[in-house]
Amino acid sequence: MNSMKKRGTKKSEKSEITESVIMKEKKKKKKRCRLMKYEELPVYLQDNEFIRDYYRCEWPLKDVALSLFSWHNETLNIWTHLIGFVIFVTLTVTSLTEKTAMETLLAGFSRPADEGRWPMMKKNGSADSFPVSYTSQISNPSFLGAYGDGYEVAIWPWFVFLGGAMICLVFSSVSHLFACHSHKFTLFFWRLDYSGISIMIICSFFAPLYYTFCCQPYWCLFYLSSITIVGILVIITLFTPALTSGKFRSFRAALFLAMGFSGVIPAAHAVSLYFHHPQVLVALVYEIAMGLLYAAGAVFYVTRFPERWKPGAFDLVGQSHQIFHVLVVAAALAHSIATLVIMDWRRGLPPCSADILG
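Start counting the sequence shown at 0; every next residue gets the next number (numbering that gives the first Met the number 0).
No wet-lab data here; the hints were simulated from the structure.
Even glycine gets a Cβ: it sits at the ideal position worked out from N, Cα and C.
Do not rely on the hints blindly, as some may be mistaken.
Stated by the list, open to error - Here are the simulated distance ranges between beta carbons: (1) Phe221 / Val298: 42 to 52 Å; (2) Asp62 / Tyr217: 28 to 38 Å; (3) Ala153 / Ile287: 49 to 59 Å; (4) Cys213 / Trp308: 42 to 52 Å; (5) Ala241 / Ala295: 26 to 36 Å; (6) Leu40 / Leu280: 48 to 58 Å; (7) His182 / Ala64: 12 to 22 Å.
Unchecked claim - In silico DSS-like links for lysine-lysine, alpha-carbon gap of 27 Å or less: (8) Lys61 / Lys36; (9) Lys36 / Lys183; (10) Lys309 / Lys246.
Make the full structure from the sequences, and use the hints.
Right under this line is the structure:
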């Protein structure tokens, strides 16, 4: 009897200890998964002192992943670029399947020819208003094949741009989701994020440079090689751990802007060659819009306005980084329109000859 009582007591004690351990683990997990204030964060997560609350800090990976569907100060940073990623996946799938959905997608940019809002673009003797003339481009049966005269315009540069945009946007979303997990994750994912930005800038150059200078192969190779080398050097530079901290925010923005605005040189070259081609000028307008959107995004990124003006008021919605993300997606869409215009222009030209310069 005594031995049975002792066994029962031991089992009861073990059960109590187990329950106690489970309760402690639950409390520890609950404490670890709570949203924290800026002052409670470890130094490596203190990036923006004007965002005062709603931080995730060193959560378990599963909880970090599930926080994609919860509300915190990174929620909109994640979703703004995740939605952008979906938009560019849609563009890619549409391009590959040659569906007429592209016309609907770009219909919002169309203008009646008699409104005079857009330059008239003549193609094969007929005049079409921009951008009606290129909205059917991807749905055209010849988009992925040769023309009737056997002349084929390569479309791989268009897919290079789409790929670069998708890489940048998905890298950004994943980085904002997982960087809070640990110090190692922070270093890795912010490097991944900066690499994605550089890749997108490099890939953005391919389509317009290829279609504009495909009849001047040496210039095309020179410009594409130059931006690729510069982009790789920027990625290597930003792999320095110290440069991921908040105090180098302005330096990072300056590097990316310098990369982007280096496109002014080939753009000026293109205009000097093809200023008498209206479509080239229309594409240039969209490229200027892209540059202005990127520049505006950089201003918000560096100044950290509006949260600087009223710390804590924009912790969840309206903070500078969210605005920056929206402007990046808008700039990428402006560039995609410019690329389609240039592609349409190139398709309307004869094979490389002196005629296209006159």
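To see whether the hints hold, each was checked on the structure:
1. Phe221 / Val298: 42 to 52 Å: 31 Å, violated
2. Asp62 / Tyr217: 28 to 38 Å: 55 Å, violated
3. Ala153 / Ile287: 49 to 59 Å: 26 Å, violated
4. Cys213 / Trp308: 42 to 52 Å: 48 Å, holds
5. Ala241 / Ala295: 26 to 36 Å: Given a distance of about 28 Å, which is inside 26 to 36 Å, the answer is holds.
6. Leu40 / Leu280: 48 to 58 Å: Holds - the Cβ-Cβ distance for leucine 40 and leucine 280, about 50 Å, lies within 48 to 58 Å.
7. His182 / Ala64: 12 to 22 Å: With Cβ atoms ~19 Å apart, the hint holds.
8. Lys61 / Lys36: Distance of about 22 Å is within 27 Å: holds.
9. Lys36 / Lys183: Given pair lysine 36, lysine 183 holds - Cα atoms ~21 Å apart, limit 27 Å.
10. Lys309 / Lys246: Roughly 20 Å between the alpha carbons, so the hint for lysine 309 and lysine 246 holds.
When held up to the earlier numbered hints, the structure conflicts with 1, 2, 3 and fits the remainder.
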